[in-house]
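Asker: All chains should be modelled from the sequences, with the hints used to inform the complete structure.
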Amino acid sequence: MSAEAVISSEAEVHKGESARMSSFIGAIAIADLVKTTLGPKGMDKILQSVSDRNNSTITITNDGATILKAVPVENPAAKVLVEIAKTQDDTVGDGTTSVTVLCGELLREAEYLIAQHIHPMTIVSGWRQAVKIARQALESAALDNSSDPSAFEDDLLNIARTTLSSKLLNVEKDHFARLAVDAVLRLKGSGNLDYIQVIKKPGGSLSDSFLADGFVLNKSFGIGQPRRVVNAKILIANTPMDTDKIKIYGSRVRVDSMMKIAEIEEAEKQKMRNKCQRIIGHGINCFVNRQLIYNFPEQIFTDAGVVSIEHADFDGIERLAAVTGGEIASTFEHPELVSLGECALIDEIMVGEDKLIRFSGCKSGSACSVILRGASNHLLDEAERSLHDALCVLTETVKETRVVAGGGCMEMLMAQAIDEYLTNAVAMSASEDLAIETKSSGSAGKALLAVASFARALRKLPTYLADNGGYDSTELVAQLKVAHNKGFKTMGLDLFNGCIADMTGLGVKESYQSKLHVLVSAAEASEMILRVDDIIKAAPRRRDHE
Amino acid sequence: MSNKGDRQKGDSKGQDVRMSNIIAAKAVADTIRTSLGPRGMDKMIQKGEGDVLITNDGATILSQLQVFHPTAQMLVQLSKSQDIEAGDGTTGICVIAGSLLSACSELLNKGIHPTAIAEAFKLSAAKAEEVLVSCAKPVDLLDRASVLDAVNTCLSSKVVHNNADVLAPIAVDAVLSVIDPATATNVDLTDVKIVKQLGGTVDDTELVRGLVLERPAKHSAGGLSKIENAKIALIQFCVSAPKTDMENNVVVTDYTAMDRILREERKYILNICKKIKKSGCNVLLIQKSILRDAYNDLSLHFLAKLDIMVVTDIERTDVEFISRTLHLQPIAHVDSFTPEKLGSCALAEEVSVAGGSSKVVKFTGIVNMGKTITVLMRGTNKLVLDEADRSLHDALCVVRSLVKKRYLIAGGGSPEAECALKLTQWSKTLTGVKSYCARAFAEALEIIPYTLAENAGLNPISIVTELRNRHNAGDFSAGINVRQGVITDMWKEHVVQPLLVNTSEISLATECVGMILKIDDLIAVR
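One line per chain: the protein sequences are A and B, in this order. All letters in the first sequence, in the order written, are residues 28 to 573 by this note's numbering. All letters in the second sequence, in the order written, are residues 90 to 615 by this note's numbering.
Everything labelled a hint here was simulated from the structure, so no lab data went into it. Given the structure is predicted, the values throughout are model-derived calculations rather than measurements. Wrong hints could be hidden among the right ones.
[Said to hold, decoys possible] Distance condition first, Cα-Cα at most 25 Å in a straight line; then the derived BS3-like pairs of lysine-lysine: (1) B:K581 x B:K494; (2) A:K287 x B:K363; (3) B:K581 x A:K298.
Answerer: Following this line, the structure appears as structure tokens:
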């Protein structure tokens, strides 16, 4: 009895061949959507929002994760691909396009294999062997320079440059690679990207972007207060500075004379005055509040020689608290329990037409701010995304210090290792026919086909890199294959000159962590999709009209 | 097929998207092309709500255009960025970007890879900047004549160019008086306040070394309108019946209670007024309050009786400017009303604007005046006034650009012609795609002299070729003399502009073009 008979009539069931077909189509379509963004010669996409035509917010991006997040997908397999891109983005930050494309390619290969009546589980077991071999190959090719600081810094610079070269910041990659590495090295391994703040200001050119020491807040000081504070003690607060109102709607007082009202007003003022006095009593010379600071308390602060900054956004005060080592306070009765933020200097800097406040020489010296300049907001948004990717990869590399060569080199290396394994396995099985047959119950031959398909899928990545660069991909990948076969294990694609070259010489490096993650999660995701034989779409939930 | 060379494979979709992007961006550039230069025409824009705007300012026109196409929006953004960076050249930057894009479409048709074009353009832009710097002359901010020339050049393309001889010195003096010319590297233009008053002509515009408030003093109870040796206070509290943050009711049971309340209110307000008077204050500025009445008739009456001039409804955003200018501190509570918080000036006077019906309050001879200045702008109608305001802003930006980068360069299309020449020569030293693109870049820059000539009604072909010829002969400051329709030395004609305007035009436009080039798909998302 088929499933259709027992489930709701509105639910849909796709079975066997048709289910698998729809998964393949969905996943491959997604992979094809982003594959043109791969590599230094990859193209950008405009994402145009259709829901609000009037505002028509547009995003211009090269980041796989950003594109996939924005695209509305219905196909379940396509959703899996979007998910792995997101996971890649969250864990490593870079390689989101690679992981999607590799997964799509694996499924494309699977489609052929299934057409040859190879059971999905056989394919899966073949892929698992392939991943194992590829992993070993990757591990053996990884270099670790963490013991030598200057070599490691070079590695970081190279990784940043490689990551940025596929982004919009390509043209200024040296500048931004330096900037990103400096920022990450300041973190001293803590890897907390909260300490790096990115501020976007339109105007100027990308090369005018700079790294500022300390933390920059996009706010201004209160009126009549000094524009420069040395050795600041900062109290960071989230407290209303108008009045502490009773939160009951319609509460009111009844009096019978004007003077009483005046007294109440005075009492309210007095309450605020007390609050301000308590705040000042913390021994501070700078007060930052998330909420507004009204005229009256501001004046009290001014008189007391305390600079006040109002309406700092939530994100702003949290970071400020983190970098200055302070706490966000909202009650002020116990000054001894509140830890104050400290920094050496607070001053005003002017960027473009705006004035910003800079907190420099903070307690935790790791804080810094990147101020991005550029011709338009679209450019700045994309620059921020690119820089974020670079920073993510760098912090990951600081934790997992191994690096590998880029430019499609690792994919070729892994494919080569798989090929070598295949040759050995075939030779082995020729000589030890009997032993193999008993061990793996006859499917070894078929599984080897799947192993071979994995190598083909891996070689597709350099192919797309070359295609996007407008080069003859077949020729280049063939040359690369020969080079790797001959044992030149660092050969990859030089996409600026359209030839194959030694990647170590060119300084094209990638994080080992990122590469490994691409390999593993693409294999896992494609395996997951492959194992599906039924797709059941639940009946849409009905809205009751009562 | 060769594997060398940056060729792009046939991807018809990407090709189509790119072309449509280029066409859209060029459409924007062409819209404002006719307003470039001293003989450029103005645009009349009718806004959605029926308001009419007449302007020649590229950034203003573009900000009013409601463009849908994504790349068209990018061009609008581009001119905004130029406005922020240099303030002038907002039309020029779009024209350059448009011209670069048409160069791109030809290069793309040859099958050159977009990123290769973008890279070559980037290199060319860097080279162009070198060329620009090499033909620029350093300027001293104290050399008033040179700075004035630059401002005059900027104003010559505006609607108000007839009034340039009035506005230019104002712009120069305004900026120079808010900075220290020796050390400043940037100017905060919020230090220059522009007060617009209808009536009179643009020629009546004046620079006030002091403060002008765009509102009359209160006269409702016989208030004063002129005070010498004024002591000014800016208050942020209200001179009216008390009001608590909690809702309150005064319960009145009989007639005598009502009488008492009225008396108490009088007493309360009088008390405040007396405290104000006690500090020696004789001019009172009251910040606008939205929660309650900042003043009432009673308080105005008392203040008038105490010989205090009152100006009300000061915006909160203006408080900072006023307090810096008058060197006073805003007072948020009557108890902290102390003499040291007051500012003082020689004369605070309400004057009626000549030819207009409105009145303003002027403060002059301010003691310890902050580094701020006010321009009292006049115009016969609102359209002229607004355009004059925008033009003055551009003029101020020109001076600011000179403060940021103290170099002047010749105007009249001369820098672009020089760049085109030098880049063409340079492109011959390169090989491959770079050389091709650099050459296209150089030719694209000639759009500026071409458009200048075209807008002036000259024969663009003969003018541009003659210009090219003169530059080739080494006359790097030759430019188009639009008024006489000939090529002359721009330095002698005093047609000069800040270097920053040109360098940022080229670098920003190249950046934007690079971004447009790299797009190969347009995806609709939620």
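Asker: Each hint should be assessed against the structure and marked as holding or not.
Answerer: Structure-based check of each hint:
1. For a cut-off of 25 Å, the pair hint linking K581 (chain B) to K494 (chain B) stands: about 22 Å separates their Cα positions.
2. About 20 Å separates the Cα atoms of K287 (chain A) and K363 (chain B), which keeps this hinted pair within 25 Å; it holds.
3. Pair hint K581 (chain B) plus K298 (chain A) does not hold up; C-alpha atoms about 70 Å apart against a cutoff of 25 Å.
Hint check: a violation occurs at hint 3 only; the rest are consistent with the structure.
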